[in-house]
Amino acid sequence: MTSFLESIGYNSWVLPALLLIPLVGAVVILALPLRDQTGFENPAARQLAFWFFLLEFVVSLGLWWSYDPADIGWQASIDMAWIPTWGARFTLGVDGIALMMVLLTTFIMPLAVLGSWTSIRTKVRSYYALLLILTTGMLGVFLARDLFLFYVMWEVMLVPMYFIIGIWGGERRIYASLKFFIYTMLPSLLMLVAIIYLGLHVRTATGTPDFSYDHLLGVSNIPQRTALWLFAAFFLAFAVKVPMFPFHTWLPDAHVEAPTAGSVILAGIMLKMGTFGFLRFALPLFPGAAMNPTIRMIILVLAVIGIIYGALVAMVQPDFKKLVAYSSVSHLGFVMLGIFALTLQSVQGALLIMINHGISTGALFLLVGMIYERRHSRLIDAYGGIARVVPMFAAVLTFVSLSSIGLPGTNGFVGEFLVLIGSFKTYPALAVISATGVIFAAAYLLWAIQRILFNPLDKPENTHLPDLNKRELALLVPLLAVIIWLGVYPAPVLRRMEGSSQQLINRVEAHSELARLSQATR
Amino acid sequence: MLLQSIADATSNAHPLSGTIAEWAWLLPVLPLAGFVINGLLSLSSAHLGPDDPNTPDHHPHSEGAAEASAISQTEEAGSVGDDHHAVKRHRWAGVVSIVGPGVLILSFLLALGIWQAMAATQPDGPFIQRYFSWMPVGDLQIDAALQLDQLSMVMVLVVTGVGALIHIFSVGYMQDDPGYPRYFSYLNLFVFFMLVLVLGANYPVLFVGWEGVGLCSYLLIGFWFNDKVNADAGKKAFIVNRIGDFGFLVAMFILFANMGVLDFIGVNAKAVELGAGSTVVTAICLFMFLGCTGKSAQIPLYIWLPDAMAGPTPVSALIHAATMVTAGVYLIARSAALFSLSPIASLTVAIVGAVTAIFAATIGLKQWDIKKVLAYSTISQLGYMFVGVGVGAYVSGMFHLVTHSFFKALLFLGSGSVIHAMHRAYHTTNSHEDAQDMRNMGGLKRYLPVTCVLMWIATLAISGIPPFAGFFSKDEILGAVFARAQGSTLASASWLGIPGSTILYAIYAIGLIAALMTAIYMTRMMLYTFHGPNRTGAEEEQHLHEAPWVMTGPLVVLGILTVFGGWLNLPEVITDIVRIGPSGSLDQWLKPVVGGATARLSAGAARVPATTEELLMGVAVLIGVAGIVFAIARLKPDRLPRKRDAIPEEGFERVVANKYYVDEALDRAIVTPTYAISKNFLWRFIDHGVIDSLLVNGSAALARGFGWMGSRLQTGNVGIYAWVLVVGVVALLGAFTLR
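If you read the protein sequences in the order shown, they are chains H and X. Following numbering that gives the first Met the number 0, the numbering of the first sequence begins with 0 at its first residue and continues without gaps. Following numbering that gives the first Met the number 0, the numbering of the second sequence begins with 0 at its first residue and continues without gaps.
Since the hints were derived computationally from the structure, they do not count as laboratory data. Fair warning: there could be bad hints in the mix.
[Stated by the list, open to error] 30 Å max Cα-Cα, derived DSS-like pairs, lysine-lysine:
1. H/LYS458 with X/LYS678
2. X/LYS269 with H/LYS424
3. X/LYS227 with H/LYS458
4. X/LYS678 with X/LYS227
[Unchecked claim] Looking from chain X toward chain H, a few residues come up when the C-beta cut is under 7 Å (computed):
5. ARG445
6. GLU612
7. SER677
By construction, the Cβ of each residue, glycine as well, lies at the ideal position given by its N, Cα and C atoms.
Extracted from the complex, chain H is given alone in its bound form (with noise of 0.2 Å):
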């Protein structure tokens, strides 16, 4: 494989044309007729969207051997002049976690795609190129390599998923939309502000403007007090988009309000934008704040709130997508204990979640919209009992809740496990608390397809709804063997993250000694 990949010069072209590739595939969908022979909207739409990306993820699969785990540097890179006069390159380039990230995006969006495809009836075209233009905007935000670049693809990212809540969303969706636009784009534009600072302080070090990331990594003389700042304006960008408690209010409208796919995307790939942002930014750009005891303590208590808040909250939803979306409050709660206990085993355990949430989130919003395709309510209460109706939608629905709660054999348990066990090492009692999260977990997603699957069959609604078919099965089986695959056999990915994951901790640990000796020094 990997010779086949040299012999195509595959590293070379692969970056570039993951991000062209679905900006091709809008221009070609929107240049469609609007409706059919019939007069129906176009089919076309959906099936050129779904080869589109199909195409996009058979394309990124390559990565997955050309990666080189051994080498921690940049891999695939590209780098080209983009706006010469803003000091804007485009740059791009992968590392062991962009890796995972892209490789979870490209598979999550082709069963995205096949999870609308009988749910979205109108405005077809615009949709399917906008979930497209939201897949380059996506993959620039993990690959770009220059943080002017970074943030185009952030606000790229951000207004595809505006107009997918507030077109094809449910009875509250302006109300989400807006909540979800003002929500983020505040916070993106102080970080606009905190890079374009940094671009400039680069700009008076070498006379030009520059917004390279691997040359701001190695600026060391931003006066400490203004780091504080940049941080927080960066903190304040991720911390949303993550969400972080008390941040995370956006989350269950915008989850509720967008239709399935946008659900599934946003909580599959866009949550992870915010700790990848950690990871890639926020901390080894400003290690000294962020390493900082008090702001470290800070943050580590909201992720521990928020993965019991999260649970907690959880519990008492009556309308299951709702219950979901504060699930991954929860979850992504763990996340950020493991990257901010920084430990080898926590960082690389946060990143398996985000691989997991994505998955098993992803799958449990693609169960909730065909489970409302047929009888169109979310709540908990309309159901009851269908496990007998519906066998093999129970089936699959069980078996990924519990891999949502993280049972043993499956992905959700080695992810939180290595979490736990990595913050145990620097952080004891913030580990011990966040372990009660297995109990809450249990309580809520059990409780929940307790009410929906099993109990009497008293709805005559309930009677005759019909089960999975070929194609959502299709689609779903996917999802399962990754689930299984990530619970017995992880090793390969994390043998892929592990020399990123190491990097970031040396890097941040340096710095921070740096900054710890020179404050002990004056």
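Given the coordinates of chain H, assemble chain X onto it according to the supplied hints.
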């Protein structure tokens, strides 16, 4: 691949390498295959939905739905019982009947082969098979690895042997259930996880099995899920177990943080470095024991087990009596190297075990549901096992685990046979009486003679009457407590200021009293079920029949095991008097695994003279006999009213019959407040009130103050702004690409 096991130095040198033991991976894989096959057969009766789920279902109503409405109707009519009303045999029932028990029988035969190889080679150390690296992260290296030693061998034989018998019994018991393939798929999956639990070579792999058996327990308790009681019971079992699992997890964290290893060989080798009696080792053991109280239903986490009786009766026999609930005892025996370093933790285990033993026994005295009696009896007997492993008599604890798996499986399957007969009788007459309440039974020995005789054997065994298995194992535990009460490491330790010696004597006394109660409640159960006049009903009485051979067969085998199980570990005091067989076989067998740890806790204990030992044994037998005689003398099965005519208990009896109202108290103290706080304070007040109304809307208002942002918001043109951004970016990217 599984077969590409990485041969390392230890396994190369090990006497078992190259033998049949190399096939140990097949032990769990066989039942896993059974799970897959039966699971697929179960799902094969599902109908795929239409391509567009928005269109209504035009398929003829699926079998499932038809069954569903039929069953929900009967349920609404008020039927409550163990069995479900028979609908019709599943179309794949024949295949399932072969695959389900078949994989267990194969596993058992393989286990016998491995046991023979082990007996022939007598290895000193465990035989480790590494298959692949599971969680390799820096200094944390966890392998997917299995470990065979004498301790896991005992467990494997019990799990596959008793498991196979219960699978065969299930063929008869469950044959008419519409969920027949699903039942066997869960049961096979359970055995898979149980074997992973006992064969895992490190704590995380053991934990896979540990939570996996919990999952299967959850699925099987709630097997008839359309009944809310069953679904509730399953969920309760899972969540309460998760509280225990939290303890187990924390124990692993402390272990890793202090020792850097999680595999049994590494932990056993490094345990001493933690220091005998150190806080760290005590913390590890106590957190681990919290896990045990969950899985093995000890105080305070025993509350799920009585509810778990909602599952099919063979499930109660396999999971909630013979195997899964003993996992905690196994875990402590497995971690003997750690527990023996902490007298405080060990005493805690013994105290909790003793208190649970007597507490559950008192409740058992007042239950009317035949399965509830057995459930509390199981909790009580597990308490004895914890007393055993708690005082460092690891072999005695394991011995009682094995004999208990024989006689308690027999009792549960016997009760299954009774319930089966009762249920059929009530089903024929369309009666909705309670098929599990002993007040509706009576005189069943006439109709179920085989079951009656076999259950009496088991009752004598659990009551500690020689020569039945339970006598030897229970006596060994009490004897070990007595022997350690003077001069041993445990006796000289102090627990919350109380001398260990005092505690051990108290535990011995509690053990005797609980044994008396055991004899009483078991005899009570037998009298009310099988003796006196029949209270089932005049018409129903005509339909009471003994179970078919596929059910009584396994009962007979278990009966034989119950009679001769004591031979596994005969005490010297007996073999010195009558040469009925070799003494201390299990002691010898398990010595390589727990010998060192046993010696550490009993060090310094004076040897109990043979005469004293004979005296103690005599007292124990007398107590058992006294309990039986007392029950026969005092209880009047011929005067017992039927359930519907019964008068509720009064005063303290009522408190006991209601299990001391523990469930109700927990519900009011924990469950309800947690829900209310989460809903009203966290969600409604913090989330909606403080964050959304105050902060978000407040800052949005603040944002409007900013001119540049405000102008866009006020003209409502966020959309245009957004589109401009997208178009601009796309154009920029396009320009760049084309250049």
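Checklist entry - Which earlier hints turn out false for this structure, listed by number in ascending order? => result Structure breaks hints 5, 6.
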